[in-house]
Structure formats: C-alpha cells, structure tokens
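The listed protein sequences derive, respectively, from chains A and B.
Position 956 (the first sequence) corresponds to 956 in this note's numbering; numbering is contiguous.
Position 528 (the second sequence) corresponds to 528 in this note's numbering; numbering is contiguous.
These aren't lab readings, by the way, just hints derived from the structure by calculation.
From a predicted model like this one, the values you see are computed outputs, not experimental measurements.
One copy or two, either will do: identical chains are not told apart, so a pair holds if it fits within one copy or between any two.
The list that follows gives simulated cross-link-like pairs (lysine to any residue, SDA-like), each with its CA atoms no further than 25 Å apart:
(1) Lys651 - Pro874
(2) Lys861 - Pro657
(3) Lys864 - Arg334
(4) Lys861 - Ile335
(5) Lys648 - Ala870
(6) Lys861 - Ile650
(7) Lys871 - Ile335
(8) Lys871 - Pro657
(9) Lys548 - Gly678
(10) Lys651 - Lys861
(11) Lys398 - Gly753
(12) Lys548 - Val833
(13) Lys835 - Pro701
(14) Lys871 - Asp790
(15) Lys864 - Val930
(16) Lys864 - Gly663
(17) Lys861 - Val659
(18) Lys864 - Leu900
(19) Lys871 - Thr860
(20) Lys651 - Gly678
The primary structure of each chain is shown beneath.
Number of protein chains: 2
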Amino acid sequence: MEMKLPGQEGFEASSAPRNIPSGELDSNPGPGTGPSPDGPSDTESKELGVPKDPLLFIQLNELLGWPQALEWRQTGSSSASLLLDMGEMPPITLSTSTHLHHRWVLFEEKLEVAAGRWSAPHVPTLVLPSLQKLRSLLAEGLVLLDCPAQSLLELVEQVTRVESLSPELRGQLQALLLQRPQHYNQTTGTRPCWGSTHPRKASDNEEAPLREQDQNPLRQKLPPGAEAGTVLAGELGFLAQPLGAFVRLRDPVVLGSLTEVSLPSRFFCLLLGPPMLGKGYHEMGRAAAVLLSDPQFQWSVRRASNHHDLLAALDAFLEEVTVLPPGRWDPTARIPPPKCLPSQHKRLPSQQREIRGPSGPRLTSAEDRHHYGPHAPSPELQRSGRLFGGLIQDVRRKAPWYLSDFLDALHLQCFSAVLYIYLATVTNAITFGGLLGDATDGAQGVLESFLGTAVAGAAFCLMAGQPLTILSSTGPVLVFERLLFSFSRDYSLDYLPFRLWVGIWVATFCLVLVATEASVLVRYFTRFTEEGFCALISLIFIYDAVGKMLNLTHTYPIQKPGSSAYGCLCQYPGPGGNDSQWIRTRPKDRDDIVSMDLGLINASLLPPPECTRQGGQPRGPGCHTVPDIAFFSLLLFLTSFFFAMALKCIKTSRFFPSVVRKGLSDFSSVLAILLGCGLDAFLGLATPKLMVPREFKPTLPGRGWLVSPFGTNPWWWSVAAALPALLLSILIFMDQQITAVILNRVEYRLQKGAGFHLDLFCVAVLMLLTSVLGLPWYVSATVISLAHMDSLRRESRACAPGELPNFLGIREQRLTGLVVFILTGASIFLAPVLKFIPMPVLYGIFLYMGVAALSSIQFTKRVKLLLMPAKHQPDLLLLRHVPLTRVHLFTAIQLVCLGLLWIIKSTPAAIIFPLMLLGLVGVRKALERVFSPQELLWLDELMPEEERSIPEKGLEPEHSFSGSDSDDSELMYQPKAPEINISVN
Amino acid sequence: MEMKLPGQEGFEASSAPRNIPSGELDSNPGPGTGPSPDGPSDTESKELGVPKDPLLFIQLNELLGWPQALEWRQTGSSSASLLLDMGEMPPITLSTSTHLHHRWVLFEEKLEVAAGRWSAPHVPTLVLPSLQKLRSLLAEGLVLLDCPAQSLLELVEQVTRVESLSPELRGQLQALLLQRPQHYNQTTGTRPCWGSTHPRKASDNEEAPLREQDQNPLRQKLPPGAEAGTVLAGELGFLAQPLGAFVRLRDPVVLGSLTEVSLPSRFFCLLLGPPMLGKGYHEMGRAAAVLLSDPQFQWSVRRASNHHDLLAALDAFLEEVTVLPPGRWDPTARIPPPKCLPSQHKRLPSQQREIRGPSGPRLTSAEDRHHYGPHAPSPELQRSGRLFGGLIQDVRRKAPWYLSDFLDALHLQCFSAVLYIYLATVTNAITFGGLLGDATDGAQGVLESFLGTAVAGAAFCLMAGQPLTILSSTGPVLVFERLLFSFSRDYSLDYLPFRLWVGIWVATFCLVLVATEASVLVRYFTRFTEEGFCALISLIFIYDAVGKMLNLTHTYPIQKPGSSAYGCLCQYPGPGGNDSQWIRTRPKDRDDIVSMDLGLINASLLPPPECTRQGGQPRGPGCHTVPDIAFFSLLLFLTSFFFAMALKCIKTSRFFPSVVRKGLSDFSSVLAILLGCGLDAFLGLATPKLMVPREFKPTLPGRGWLVSPFGTNPWWWSVAAALPALLLSILIFMDQQITAVILNRVEYRLQKGAGFHLDLFCVAVLMLLTSVLGLPWYVSATVISLAHMDSLRRESRACAPGELPNFLGIREQRLTGLVVFILTGASIFLAPVLKFIPMPVLYGIFLYMGVAALSSIQFTKRVKLLLMPAKHQPDLLLLRHVPLTRVHLFTAIQLVCLGLLWIIKSTPAAIIFPLMLLGLVGVRKALERVFSPQELLWLDELMPEEERSIPEKGLEPEHSFSGSDSDDSELMYQPKAPEINISVN
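Only chain A is shown next, with the shape it has when bound in the complex (with noise of 0.2 Å):
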C-alpha cells in the first residue's frame, strides 16, 4: 500500500501515528506550481509508483428537533424544524431561517441558505473547547475500526449497540438515523431548496444513490476512488447522556442517501446527546469533520487499530494546531485558501526528514532554491573534457527521446498549443520584419522575416536539444543589426555581402564554443546578467518604439496656427501663367513661396493627385502636407499599447470564465493590432503601413536569393567581418543560453533532459544558412517560448473546491512546434492582408514588448522599492533577510551598470554593448567583496565558486534554530513563480 521507510514496520499503526512514510506525503511540487501536497492528485502518484490514501470527502449532517418531525438535515440550523414542547425543553417559534451547513474535501465550505449557494472555500477555525469536548466523548464513546456493516442498516445497528441505551430508546434512536437526510440541492431552482421535505424511510431503497446525488456538481471533480466521511450531530432531548461513536468501516460502503454526493463511506461518526447550552454538539461536529479532513489525522486513522491510536492522533492534532488570539482575530472570519499548502514534509519529525535527504523525487521550494537553482551542476552542464563531448552527450541523451516526441505530441491540448502559438509567431515575424526593414533599410523585410522564422524554426524543433524552443527574431540581435547596419552604412559597405561574412564567422565561433564546451560557463550568468541584459534591451524598445513614433511627427509635421505651410493650388499650364512664369520667379527656400505674389496663373483648387491627373501641377507648400497623421498615430500607437496592457491585466481580474480571460490575455497583442487596424481602416487616413512584397522575392530590388559572397566590398572586409561576429557570437551566446537555462529550469519537471550544447550548435549552423539566404538572424526567444510550454503543460484536475491544480509536468515534443513553423512559412501569402496594419500599431506593441518584459523581471521590483516608504513596502522575504539599505545599494549598483550601458550604446563604441554585457557578469564577480554571500543569495543567485564557498548551513541560516519560525516555511507561502528573465522576443 505504502511506501515503508527502514526500520518502520513495527509501530506503524499503533503507538506512533504521525510517522507517515515520506514518498506519501512530500508531493510538494515546488514553486511555483500552486502544489497542493495531499490533494487529490492521483495521477501524479500513479505516475511516480507511490499509492495514495483516496481522497476524503466529508460532510456534517446535524440532527434537528424532536421527536416527529425529527429529521437530519446536513447540518441543518437549528431553527427551521419542529421542535416541540419536551419536558424542560422551552418552546421554540418556527422560523423558516435554516443555515450551517459544511461539507470539507480540502477545504471548509459552508451552505449560506438564504444565499441558496455553497460559500467560497475557506480554512476552517474551530474553537479549542469543541476539540476538548470531542475528545472526551469519543474517549468514552463507541470505536469500531475496520466495521464489516455493508448497509446503512447494518451500521446503524452496530452503532446503537451500546448499553446506556434502553431497548425503546435504541429503536428509536435507529428509525431517527435511518431517515432519509434533506440535502441542500444546487441543481435545482433559485431558492434554497431540500432534495425531500418528508422524512422517508431508509428500507425503500437504502443503497441506491438517488439522481440528485448523481447530478450533484461536486460528484464530477471528485476523482474514482474518492470517499466519503459522514459526521453526525445533533441534541436529542431523549438521550440521558452523550453518546459518541466513530466507525470505520472496513469496506467503504455507499450509505444511501447519507452523503451529499454519492460516495462510498469510509468513515461514520456519531455526535449526540441531550440538549445543552451553547451549539456544543455542532461544533463538536465541525471539529470531527476538521479532524478527518486533516490528512495526517486521516493517515493515522485509517492504520489505527484501536480507540487508543484514534485518540493519539487527536492528540497529535492538538499539538499542531495553530492558535490565534481572540482579541486580535474574530474566530468567525473566513480565511481564504492559502495559495500553497503547508508542506506535509515539515510536519514530519526532524530525524524523518533527514533520512529522506535532498535526493527526494519531489522538491519543496526551498530546497529547489538551495539545491536544484539554475547553477547546480545538472547533468547537462558538466563538462566531458573532450572535444564536442557536451555535444556528443547532447544527442546521445536526446536520441532514444526522438520516437516519443512525435508520439507525445498527440493530445488535443497540442492543437490549441499549435494555434496560439502559431498566431504570436506571426505576430512576431510581423513586427520584427517591420522593424528589420526600418533598420536595415530594406535590406530585410517583412518577407524575409516570414521565411526565416519557418526555415529556422521548423528545422530547429526537428533537430535541437531543447525541441519546446521558439526561434525568433530577438531584441538584442535586432539591435546589433542596427548597429551593424549603421556601421557598414558608414563605411560604405554592401550591407549583405558583409552580414555573410559575419554570419560565417559567427557560426565558426559558435562551432568553436560548442566544441570547448562553452555552454557550462552559463553556471556564471547570474540574475544580475540575466537582469542587466534584459532590462537594457527592454529600455532600448521602449526607447526606439516611442522614438519613431515621434519620428512621425517629423514626416507628417503639425501646423500650427500661425505655420506657413498652408496653401495649395493646382496650376495648369496656360494663357496668362504659363510653366515658366511659374519656374521662373520660382523662390529658393519654401517660405517664399507663400508671401510671393503668383501674378496671373490658370489655377484650381484640386487636391494633389487629382490635379496631377488632369495634367496640372500642384503647388505650394500645402500640398506635401498631410495633416492629422501625426496625432492619430500618436493615437493609434498608446491605443494599441494600452489595449494590449489592459488585455494582459485581463487575466487576474474576476470578470469572465477563466477560458476567455486566458484567450483574451494570451492573444492581447493579435487583438491591440487587430483594434489598431481596424480603427485606422474605419476613419481611412494616410498613415504609414506596413511594407510588404507584392511578390516572392527578396525585398531588396534587383538581389537573388543567395547573397553575393562579395559584393562590392574589398576582399579584406571578409575577414574584417570577424571583429564584428565576435561581438555577435558573445550577444549570440548570452542571448541563447540565458533562455535555455530559463527553459530548461527544474520547475518544469522536464523529462526529456536538455541540450545546451546540441541547441548553439543548431543556431550556429542556421545561422550561416541564414546569412547565406539574406534572411535575418534566430536565437530562441524566451517569452515565446515560455507561452509554448505554458500552453503545453500537464496539470492535474484540481478536485477539492479551493484547491489549486496541480502542475505535472510539459508535454514534452517536437511536433508543435515544427506544425507552428509550417504555418508560418505558409502565411507568406497573407502579403495583401498585412499591407493594412499601420506601423504606429506595431510600434505601440513593441512599447509594450519592453514595457512588459521590464515589469517582469525583480531589478524593476526593486527599482519600485526605492519610491517605497518602508511602512508601505510589501512583506517580501528579499526584505526580510536583507537590510533595506543594502538592497537599495545593490539596486543602486545595478542602476548604474545599466547608465553605463545605454552611455556606450549612445556613442559610436555602441557595436561593442555585446561585450560590456559580458563585463556584467565581472561586476557580479566584484560584488561579492560588497557583498556577504548570504546577501547575494537573496539579492541574486550564486557563482560556483560561492556555492561552494558558504557550508550548507549557512545557506539556510534559519534552519539550524528552526523552530515555529523557521523561513522555509514563509518561503512555501510566497512561492517563486518560475520568472521571466525575459530577453526580449
């Protein structure tokens, strides 16, 4: 059934409850994966060969009124029954108020009846003198462990077979249990409604479970093999004296109608006694419902063997339980469902949990952090010695995978990965070929754009390491074409001639980097170089979308009331003002024009193209005008950034099913352009569009598709070209091994391994194939990339209302990706369509490209600390384990980096930024003299040799004191979504 730990076996069941085999209860997943470590994620231990305990579902049945209309209600007010005049019992009015109602799987939810709805999922508080009372009673109460009733009946029986109870009183007692419960009905109507006002008998058909439970919406979440646990209570004025009884049946037995949803039972327990003061035997009911669904308290019951483990692990319970003080906590205040569960692991003794070790299948948070972070050496960054031997190990690790990866692909969820990732693609090769044409001047274009993204990245997904990889067009390589460009433009080089040459010797680099091993040294990039790289590129988006925007405003100018450039007249050539007269007193500079008596002309108004075609001439200043282009660009462009903004807040707000949020957010971009084209088609100005060929051909007149080896550069630019490629090899490298490791992160349960040095060798060899073709340049792109496994991912159905599902792993395969890349090169013919998109639309979503990635990433987080007043500063464990002064230091440091960065991007040295982003990773290095390694721990991540430095004490400092304190914990609290060093794509 379980997995046993050594030297376990003997106390298992009865004298030490609490010692639950690892393997069960340590299915914390690790951050950022909402785990839930005892929810009911059964295919995730059918996964790893470890059986689970079935899920539990409980509910609080509570007895109402006495004796005739006696009924049980599932948890049924005290207030909407019969209950008459008994003896010393008042008389109580009737009113037709009926509330707590409970049912438990994770969490408490109560039946707001007036409301006519189960309230949201929350954590259950009880009262400490409800637990006490609880225990009392069941200590002298009835315990049947492994009861071998398989009817309600049967167990009705058992239960009442105690001897307080007269002959009369037991029958009694026994017709009142076997009564039909009234259960709350979602499915039907709009007011509170109960499945059957009239008590029935329990004969009529006891086993069957009724329609209604079928129906019951719970039903379906709840995985096969779930089962359920009934808590009975109540006050029966007949009773002398408390009878308490706990059941476990030794075969889960469907009890009627007992259930809400119909369940077999497992577990029964029974509350009740004479009416006293105060809801005792409600709570007390609560609390036994609490009880079970606490899942230590469920393992230990369900292996205890006699009343004294049952008790024991009450008492394990009690020592457990957190308290809050009632002054400073109102006990009736509803807790939501913590985002992450405590970690059952730490609930284990400490000596358990060493036996367990960091080795463990699964992970909690902290030791993800500590253990597995991106710069622990993983299999596929340890250097082989030999030549090409990552490589060689690359595709010997990923070559038994190759069958399977077409093979897993075949899941409906892949088509839907397929469409949305196919329309970022193109919406990517669609802004980036727009912005290379702007670059390069033409050199490249949107054509270009297309057919690489398919070439490159259909090939890459058949052959690289990482096959979940997006190729794209990225920032960085964007910005070192500009530069390249610039560069060669200044030295009047044949641009593309020249890029051949870089690109060949980049991939000779690259090739070179492969056989050294080079991919290991990403242990070194940190995410202080992640950050300082990625916040530079996001800044040099933002910085370039906004400027030529306002660029725009210089093409389309705005006029002023009291500008110049006002009048336009179409001339004809004629009697009176003939072409000469006009060519003749012909001013030098515009402004003439306009104070310039034009004598007699043969003239009309027409505008421009009109009058062309009639044979005139336009003139004057006015007519080379277009006005309001510039502000409905300025327009289009914040409209099409905050649109896509507001789209991706769309997400985490509460309106709409989760399906349409998620499609909304996902495709915020697709839909800003779509808004931004749709808004310039509908008032049909002029403002610049898209550049798209007619026509399949280089968008380059007058090249073919292989670029000339030379060209008319000097022969010597050839090997000229090295200087530059070197840089482009370092920006080529960080570019794309900072989004391996990101992809490649433990937190994705990948199964496949990675291929660090397989995938630079895939972009080293596309590349010179790229350069060969004129087509741009690919490295992997993170943010896309990350969207494909996003949408790939395996997650368990999440079961227990408020519970979270859970991550299970990707859908590890090449066929996405490859179809994705087939589309791509297919919409090559879409030409006509993209010839509308306005280019202010496409520079507003490259506003929010930058705005974006630099939102995401913690310098930015920290960058907003600093406006911060302490006071106001949300409780993040950064802050808790740094002084806020040394975090600004850091930040302040970081700030200045990135100055110094843009400072040599400015000036003509710009072409070398790939190597001062390479000096980042030395300034890391110097910062340890600034700072302690602890420090850099929490600030940043550590190089190898600090890793190494720091025992492994001190990388955890609160561990060795843990006591009720200890940070692991918080850490579980605050769990780190996988984040998204993005490099811009």
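Could you slot chain B onto chain A? The hints should help.
Just chain B now, with coordinates in the frame of chain A:
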C-alpha cells in the same frame, strides 16, 4: 476607575474575570472608521468620561547562553551568544546569525535581524502546547500581584525568592537578571546593531532610561501613560527545575533598560528552566506575551487578586482562541492585521450584551445598520405637526452652537481644509461655468458661476443647519437647466426672465415644503432611489462629455486623403482675375469650387490671416479648416481623463509617503487640468478655449445684473413657469435632501445635529436671489461636501504598529466654508488665467467625474457581478444572504428603470424627468411585492413601514442562533465605508 454595571461589584476581580464593563470594551466606533476596540484611543475615552486601562507595550527578551557571557537579549536567538560546554551540554558552534525578537502592542512584530528591521505587524499565532506548558509553569510558579518593588533590583530579589533555588544559584540568577539587555537599535547604522555588547551591572544607572530608549521611534508613537510588560524566557543550564514567575507591580516602575522603550513596567513574567527539547521556553515566552497583549486577559489580570484569577484568565483565553488545523494552515504564515479588530462587545456573554442595549454610547456596525440607518426616526426627522415646526426646531437646535461654530475652527487642520476645498470649488466653478455657458448659449458663464458660488456658498455657510455642506452647481440641476433652455428656445422665450419666474416659483414651492415639514419624507429615499438618481446623472455626464468631445470633430473636421477640403489661396483684386469674376463663377456648394477652373487670377499662398491683412481674400475650402485640432483635442480629453483617474488611484498605491499620495489624489482634477493646459500651451495649437469675460459684467451682452421680470415674454409665461418650477422643485428637493441625508449619517458622529428644514429653507431663499441676479442655481454637492468633512476629520493617533487610526468626529464649524467662498469670490479676477484652459480638458474632467461617481455606487458593483462567474465573485456579505439570481433580478430591475429614465430623457418629454426620479420611490415601494424584507435589507434599505413590519429578530436572522457563525462579526470584517451615493457635483 471604570464604569460599573449594576450587580457586578462583588465578583469583579475574582471568580468572573471575563465580566468586563461594557463601556470599556465596546469602543468599536462603527463602520468605516477603522476602529480598534481596545487600542490607545485615550482621547476618545476621556471625552466619553470612561478612563481606560493604559496601553501595554510587551516585549519578549530571551536569555542566551551560559554562564559567563550570559546575557539577556530582546528575544535574541540562541545562536549568537557564547554557549560554553558545561556537563551534558553539547558544544555549540558560534554563528553570527541572530533573530527571533518580538514585541507587541496590538500586533506582533518580529525583528528580522538580517534585514535589520522590525517585520510588518501581524496577528500573532501560537502553537497550542506552548500555551499549555505556560499554564502548568504558571500554575506551579510564583505569582506576585501588586508587588511593591520600586526598582529592577527589588523586583529581581522578590522574584528569585523561591525555595527551589539554592542561595548560590539565586545569586547567579540575580546577577544574570540584572544584566543590561541588548536591544536592537533602529536608529543606528545600516546593519543590525545591539545597544551594547558588554554586559553591564544593573547598579550603574538602573532607573534612568537610556538615550537610545528615548530615541526609539515607537516611543514617540505610544501615548502618555502607556505601560510596559516584559517577558523573560530562556534555558538556563544550571537550573534543576523550571522557574516561572508572574509579577504585577503595584506601581509601574521604569526598570532601567529592560524594555526597548523607556516605559514604566507593570507586568513582569519570568519563564526559565533547564534546556529541553525544542524551543520550549521561547515559545512559552511568546505565549505569555501574546496573552498579555490580549485586551481581555489584560483586563482580568490587572484586576486579579490571586493565583487562581490568573489561571482563570488564562483558561478564559484558551476557551476563546481560534484553532486552525495544521494541514490547512502553516503556523508560520504571517496573517496581516485585520482591517477591523473583533468587537470586544461580542466576547461578552449574551446576558451582558442585553444590559447594554442599543442605546449605548458607541455602536457596532451591525447595530448601526439596523438601528441607526438614515431612515430611523432621528430627532431631526421627526414631524412636529406645526407649520414651519421643523424649521423652528432646527433653528432652536443650531442656535446654541453658533458661537462655537466659529471658535471650533481655530485649528491648523482648518487651514489645509480651506486650501483643498477652495481649489476643488474653483475647479468646480470653472467646469460648471464652462458647461453652463455651453448649455445656455452664453446666458450664463464662468463669471456668473464664480459670483454665484461665492454669494450662495458664503450665505449658506453662515445660515444653514449643516454648515459643513458645500453648495455648488450640481449635475441634476445643470441637466435641468439645459432642458429648460432648449424648452424656452423652442418657444422663442426670453430665457432669463422666464428662468426668473421659474426660480420664484421654485422658492415658493420649497417654502411650502419647509412649512409642511416635507423633509421627513427623505426616509423614503432608499439606496434604490439614490442610486437610480446618481446613475442617471452620471450617465448623462459621461454621455455629454463624450458627445461634446465628438462634436469638436464636426467643428474641426478630420481631413481624409481623398477629401476635397484642401486648397486655399489668397486672391487679390486686380487685373485679370478681379473680384467680380470670382463671384460670378462661385458655385453653390463648396465641393464645386475645387474642381472648377479658377481662370486667371492674381493670387498668393499666404495663410488666411496674413492674406486678409495684405488686402487679399482667402479663397478655397482649405482656408477654413484647422487641421490637427480634432485629434489633438481628443488627446487632451483622454489625457486629462486618464491622468485624473490615475492620480485618484495613487491614493491606494504603495508608492510615496501617504501625505504625497493624499495630496495627489485629492488634487487629481486640478493637476489634470494643469497638465492639459501645459500640453496645450506647449504645442500652441488653436484648440477651443474656455470663454471668460474680460470685465466684471454679465456674460450675456447687454443685460444688467438684475434680470428684468418679463423681458419680451408675454405676461402669462410667468404663471406657466410654475409647471417647470414644480419639476425643478422635486429635483432640488431630492438632490438637496439625498445629499443632506448622506452628510448627516451617524457614521460621521456629528455632535451639533442636522438641519434638514433649515437647509432647504436656505436653498429656497438663495434660489430666489440667484434667479433675480441671473446666476446659476445651487444645491448641496455631495462629493465636495464629503471631501470637506473628510479634510476636517479628527482622528486619534495610531499608537500601535499595525493599528489604524481611530475616527473621533468632524471639526464642525462654519469658518472653513465661509473662507473658501470668500476666496472663490475673489477669484473672479482669475479670468486672464482661465482663458488658457482648453475645453477638451474640461470635458475630460467631466468624464472623470461621471465615471468616478458611477463607480462609487453599489449598483455598479452589482452590474459587475453580472459579468463575473459565481466562482470568482468577491465574498460580499450581500451574496452570502441573497441568492445570486435574486441579486441579478434586482440589478436588472434597476437597469430597466435606468433605461426608461434614459429614454424619457431623450424624448421631448425630457423636462419631466424629475417626476420620473420621484417615480423611483414608487418602483421601490412596488419591489416589496417581489422581494422579501430580508432581501431588501441586504440589497437596499428598508422603508419606514417595512422596518416596523419586521420583528427586530427578523432583521438580524443570524442573531438568535448565533454561535461562532454569527454574521455580525462578518460585518465587522467588511467595514462599510461611508458609502458615497454621489449626486454628481
């Protein structure tokens, strides 16, 4: 010392330590005011004549190490100290990490040593065993109540006088306890820093507080009279058995540097013992500190007379603790302080609650809702039955306060209130002046708006019943004025004389309403009416703002590429092309001129103004178009709208100190107007600007200040004006009284009473005055009046970390308003500045006002619910008690009403819309047949008859069966902020 309840004397400090006088406990000040029932609101309690127990500051010092370097550290961790290898103790390595320092006032703060700061205040959590261990230690230990010790030395001597200690051990222990503890000093340096690292003899200067104690920032926050409680806990190797002591000092004594802040100590708790497994003593110390910080325990223990009382108090605490199950809640997760502390009143046994009754001095929010809603018969709204009876009562009630209405204003806070409200009033006057000018085609304008605001506002502040009210043009009246203007234009009436008669009639009708005490009818205006009113007006605002903006695109058309409005030339009369020729060939419509051959003309391309100056004539359609203005206006409109919205949101952001945030959001519209003007001035385009008169005379040319009574209208129109006046009277009555009801809500704790009748009387008189002078009409403006009250809030200082300040009341006086309006009057001379304000900016501000008003009402929240899946809906109280379908039905009915109102407003019958607003009251009455009173109670408010029809119990359905699930505490946790049912101002 405290207010005693009847029959409570005998058992106060002995057997029933939980019987707490209600006056002391129930200091929850009502909804929306951030109450803290037991917080240090000493100002408040003094005012109410109930002295409270002093505030207690508690800190936990932990004893570290043994024996030489033995020292107290304020809960320092066991790692930073020198632990010597003694006997059975294992050798412990040195470490620099120290943590686990705690302090409490209301909430727990933990010293984050590495980060060098106190954590955010949080709700303390304990583990149950530590409380139980503490109980047993105290049960066996020493309890000294009213200990007469006058110094730490005496105290230590008394505490160590136990049999279990040998004289030698006692000496050792005394020496240890007298050592100076090391406190974390927040004021020094960037790294955590301890007051002193060398143990110092207590005899040095035991009693004198140290400099760093006084400099402690917490010291400044704590109120005078605050006391300290110190818990010392730790493991001492030389002790054979645990040593527990609890001391209540007879007179609080400054115990040297024992506490972090130099406060006299009242309580002293010692928890020492031999080392044991786990952090037993540390957790016990925390438990003791949390106990001491509990207001009920504190209360009991201050009055405890023996050992038994102490344990009884502890048991009572245990009875009430909230328990969270370990599997669902991590005990180390920090729970942020709740917005509202639980009512201490709720913790009283129910019998005591009964004694207090609903007439107690302070109310819980639940009581507020049910007993003191705006519709409860408050004295101001009781009918006297005599003519002008209400008015006379109002004057009688307010007259005694008249002098204090000026004296109470002598406070610095009033100065900033004047500045803020002045700016808001001027903004309002400008925007409404601009809109009025638009609406009445210049019959009124900005000058009238300023003058009228100043005169009417100042007069109202001097005379009115509620002088905190700010009179202003309001949306409803503006809407009506526009309808009236178009009506009089349709009938070719002379507007101002007609309006004068309307005003005369309105004043008459209002006087009749005052005479008949009609103001008591406001109790029939439920939220349904208020929201319908507000939503309609807001929508009209939004519609108008957008409509006016779009109208600008007609005035300044956008030029499409193919459009013909292109050409413009400057034609001179002269040979060849003479003027007559032009005229002869002039086509009928603009289009023709373009294609027409102009023939031979003598022309230039000068811009139109220049052309005219030079004697020419601008010719062609292009001469009259002003390009770029339309889009630039749209940009200005959007910029000012979004900027104002963003500034408003800054208030709740984390950035900037709260003063800056409050300033930015309070002045959001002023800043947005400034930004818009700046942008406009920067580009210098000819956008339409606000029209302001250049001299002090009415905007309408050719009229004096007094409106002639008939003008060109037939005499019988002065009688017919009674009909629209009737409608306007209804509107003014509703607008004025809804605002008055909101301003006089009990939440604001006004001391000087309201004056509904007097207010209406003043409005009627001012109506007459403004009509005679042709100034705008004024009624109370909700938002700006609320802002006025808000700027005059009196609050207790928040003393405890995590505590919200306590609302004490409003500075009720007449001076701030008076000064504001005098300043407004003086601002008439701002005209030279005001003419730079572009109209699109004002439209943007009006859009902002409409959106802000619309989003503040519950109706909008319910409309949003329509778009949310049930799962994602917020956990509103409303939804817990009313089925979702019923909520949606109610919302749908409101939407239909709104739709009907909108349709009526759009037909020629628009002028009767005030009657339709009154019809809302009828619709609300009819809803009683559709919804149950309970549902209406949650969805709306009850009308007077309904209130009577429902038994008291029925109003609070949960109360009669309330156990731990009672819902009044739920109310506490969702404090009703003073809801702003804005009649847009």
